[in-house]
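Peer 1: Using the hints, position chain B against chain A.
These protein sequences, in sequence, are chains A and B.
If you use the numbering used here, the first sequence corresponds to residues 1 to 308, in order.
If you use the numbering used here, the second sequence corresponds to residues 1 to 308, in order.
Simulated from the structure, these hints should not be mistaken for lab results.
A hint or two may mislead.
Same chains, same label: a pair holds when it works inside one copy or across any pair of copies.
With a cut-off of at most 30 Å between alpha-carbon atoms, the simulated DSS-like pairs for lysine-lysine come out as follows [claimed, not checked]: (1) 34 - 129; (2) 256 - 34; (3) 96 - 186; (4) 277 - 158; (5) 88 - 114; (6) 34 - 228.
Remember, predicted model here, so these are calculated numbers, not experimental data.
Protein chains: 2
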Amino acid sequence: MINQLVKKIEELKAPIVVGLDPMLDYVPEQIKEKAFSEYGETLEGAGEAIWQFNKGILDATSDLIPAVKPQIAMYEQFGIEGLKAFHKTCAYAQEKGLVIIGDIKRGDIGSTSKAYAVGHVGKVQVGSKSYRGFEEDFVTVNPYLGSDGVKPFIDVCKEEKKGIFVLVKTSNPSSGEFQDQLIDGKPLYELVAQKVAQWGEEHMGDSYSYIGAVVGATYPEMGAALRKVMPKNYILVPGYGAQGGKGSDLAPFFNKDGLGAIVNSSRGIIAAYKQEKYAKFGPEAYADASRQAVLDMKEDLENALVGR
Amino acid sequence: MINQLVKKIEELKAPIVVGLDPMLDYVPEQIKEKAFSEYGETLEGAGEAIWQFNKGILDATSDLIPAVKPQIAMYEQFGIEGLKAFHKTCAYAQEKGLVIIGDIKRGDIGSTSKAYAVGHVGKVQVGSKSYRGFEEDFVTVNPYLGSDGVKPFIDVCKEEKKGIFVLVKTSNPSSGEFQDQLIDGKPLYELVAQKVAQWGEEHMGDSYSYIGAVVGATYPEMGAALRKVMPKNYILVPGYGAQGGKGSDLAPFFNKDGLGAIVNSSRGIIAAYKQEKYAKFGPEAYADASRQAVLDMKEDLENALVGR
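Okay, chain A solo, but in the shape it has when bound:
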């Protein structure tokens, strides 16, 4: 799946992943009205609204992008009905040929991490049959519990030719509180990155590992340092756009081959129609606004990579 991701990034010239993190506030009124008229102002109605919203964006952008990254929390907040919308979104993105990075940030003790891995990127056994609980190709994993919380994901990914992105340096303002603390002169995030490089060797694709890392666009200097620590690991870069990361900040996350990083934008794309820049599209054409935002992001990244 990492080979497929790299191939798609090269073909489309778009190291871009669209974060499908729908808030109900982002969903245009016409979609909410339709969903609520059918299911009422209920959790089911909310699930239907975000699913229809996502479907529109997928229909409008899937030929431009290699991957989507649904953030499961945005679905989980609506309980079971929200998670049904998550599942539907992943299945539809898969039909469209997209690589699905489930942003689930799970991680637990060994036996529990195994259950998460089986549910999200593997198959669960029920008597003599086996099933997929959810349909993702990659998931994000929290490293706080150490190797035995990460290894079960790697084991399942080996069987399935799928992968993970381990949180190394996250994009949020207080990420440094623990992640930047110095251990023998090196920040914790670098120690985690060294482990990611090591875990990555266990599960290599053609040129990159199936085991990647998350490093926030909001910390470009750290991105440059971490790029060197993890030369064979893909870096998933959140924080571009709405969180403050700019195209020009992103060059350090890439290798000299122009590969090695995939940049996420969520709000900046899925709620593009709410920005002044794309206001001309209006809520009815929200998906066209998203398409334009993808094209603009692609150009921004191309300039950043050419200009370095």
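Peer 2: Chain B in isolation, oriented as in the chain A frame:
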């Protein structure tokens, strides 16, 4: 809710939480057969089997225990159908008057943590109405992202009079890989514990804070040190029993008032009938075996606390 938890622990003389972490392997054949005959060997059948299994245990133990801790991964592995069983289990435990600690180990950037908090311990807004996605009283939270990944949980918990347990030192073998690393001479877990103490002051109950910590029974010396760093924070102690923690290891986790800690046992209770010690109950009476295991654990803890 922390006041209620403390009160129940005192009344029942049982600082015990039963981990509802059902693997299909734990579920006696008669329950699986019934579920599969009704729904087939499907995800729905698996969900039904684990729900019926849990119901039996809840019916047999709820008068003895203050709380249950369902581990969401064990349900999530079966996809939507598993999560329905999680939801049903929480709702039934609530009917039985139990405090529900959702072992979800979530944690993300601010806006995303807020969605998790809203979904698990708060209410989500849908148009003019609001709903609970899941029914938990406490949830476990991963601190790797720092304060702004934890604060949204605290904010929602303040509104709802609910609480969280933050991962400090986990029970698994490799937990030391990152958590034990020294920062200015102090391990990372202690730095996290200091933050927990600080966050805890923001949301105090009568004698203990709504913000607790997770510290594994498998690390009793660290438990003693952390008890002092977090005198007002309840410690949720996993790792007793099947993971290797013994009753005699647990005294250091408690304060002099005999309070301040709640010890989890999962497999040791819910799959008790599989142990030689409780084999006489047999699979038919698995829930009675669980009841006996709770009584034995209660005695083990009483001895540990009296003997210190």
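Peer 1: Of the hints given before, which are not true for this structure?
Peer 2: 2, 3, 4 and 6
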